[in-house]
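Throw the hints in and build the complete structure from the sequences for me.
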Amino acid sequence: MKHESLGIWLKFSLSILLALVLSILPLSAALNWWQPAWLLLALIFWIFAEPTRVGLFTIWLLGLYFDLLTESPLGQHAIPLLLVGYLLLKFHARLTIFPFARQFLVMFILVLFYYGVQYELAHLTHSFNWSIQLFYPVISTSILWIIVFNLLKSYQHHLKKW
Amino acid sequence: MGLRLTVLLILSLSLFFWEQSSPFCRHLRFQFSLLTLPVQKLVDAPVRLVSWVSSTIVTQQHLLDDNARLRANELILEAKLQRLVALQTENQSLHQLLNSSAHVGGETIVAQLLAVDLDPLVQQVILNKGSKDKVYEGQPVLDAYGVMGQVVTVGLYTSRVLLISDPRSAIPVQDSRSGMRAIAVGSGSGGSLSLLHVPDMSDIREGDLLVSSGLGLRFPAGYPVGKVQKVERISGEAFVSVVVTPAARLHKTEQVLLVWPEKNDQYEEVQQQLLHHHLGGVLPSSGAAT
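Residue numbers (my numbering), protein chains in the order written: chain A, 1 to 162; chain B, 1 to 290.
Be aware that one or more of the hints could be misleading.
[To be verified] A short, non-exhaustive set of chain B residues, derived as facing chain A with CB atoms under 8 Å: (1) Leu5; (2) Arg29; (3) Val43; (4) Leu49; (5) Val53; (6) Pro120; (7) Pro167; (8) Arg168; (9) His251.
For the record, the hints were derived by calculation from the structure and aren't laboratory data.
Ideal placement from N, C-alpha and C gives every residue a C-beta, glycine not left out.
So this is what it looks like as structure tokens:
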């Protein structure tokens, strides 16, 4: 059992590290707005895959670390991650039963909510103009969620072998 | 779990607002950001490796062509340099005639940008020089083409630069053609600047080069800031809307210059005058009567 825990913890850390690295990978100015919320996606995966192990405190700490990494005001990413994390931890069981289309819709709304809260917080510290570009990462993150969804299916299939 | 959420949310929000008003918190934050250095290096290293590989693996013919071109360029620059030395000495003697001190160039070092992408809402970059290299808060940062911004936070090994395109940045500029002065503030992620409070009758045209005016004693004078892209006079408005394209390649530069402006006598002279004024004494006569 200890081996299994260590294996999962290792996979968790590596996937989070990968998410962080991908988040700050320099993209061209044109692509910059399309950068998806890798950390959010990684956390969504792990909340569904191992809900008992991912806690609100971990999510909060990761959010704060992400704020440090991206030179954002402390909490700009932590707070929306907390809110989305809480909702997912509470309702993940019900969500897994949903058909794919409905899950996608729910996820899209959650991602929209995540960015909405983030932009609101950002707006409190410095003003920026509204532009359609603010919407791009919502689209890219939602599309990438489809991959997360498929990864989850194979992960759970792998687990069922036990 | 709901209780945990409430506690963490309250904690987070207080931290968020505390950070805005507390320099101590911001200082603390920069100490903690040393923790993010490994991840940043992890991204920076392969990006730098790829560019190193692509610059190292080059055909011989390409190198020979480059060599010939650079030699030709060098010859032209040497000629220009000779003229420059003559101009400099002429300039210095003219300044002495006008009884003000000549501007001596200050010390500079080259810094590299860490190849990481910050939040697109934020117009900042991270440099690989910090307090260890005597970088200070408010220090001007330039690239080969013009003013890039100023240092806003200094850590031990790295520092954070606010680009001139950020809405929180303001730099005093002067039109190099008409001598008109204004303040250029950033417009955000568009990468352009706009001039504040330019009166309707000002002499400013599209294509004008704007340089730093040196007022505000933060940015050294005479460095290119940008070119006027658009001048819009709206009837009924007292001020003109001016859009400026920055001269510096804000998002393409890899290396920048950090400048220590020489603390020249002109500053001391101003300080002296202010001191005398406050003490109620007579201002020292500065020679030439106007």
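Results for each hint:
1. Leu5: Cβ of Leu5(B) sits 5 Å from chain A, so the hint holds.
2. Arg29: At about 7 Å, which falls below the 8 Å cut-off, the nearest Cβ of chain A leaves the hint on Arg29(B) intact, so it holds.
3. Val43: 5 Å, holds
4. Leu49: 14 Å, violated
5. Val53: 17 Å, violated
6. Pro120: 5 Å, holds
7. Pro167: Result: holds, 6 Å to nearest chain A Cβ.
8. Arg168: 6 Å, holds
9. His251: 5 Å, holds
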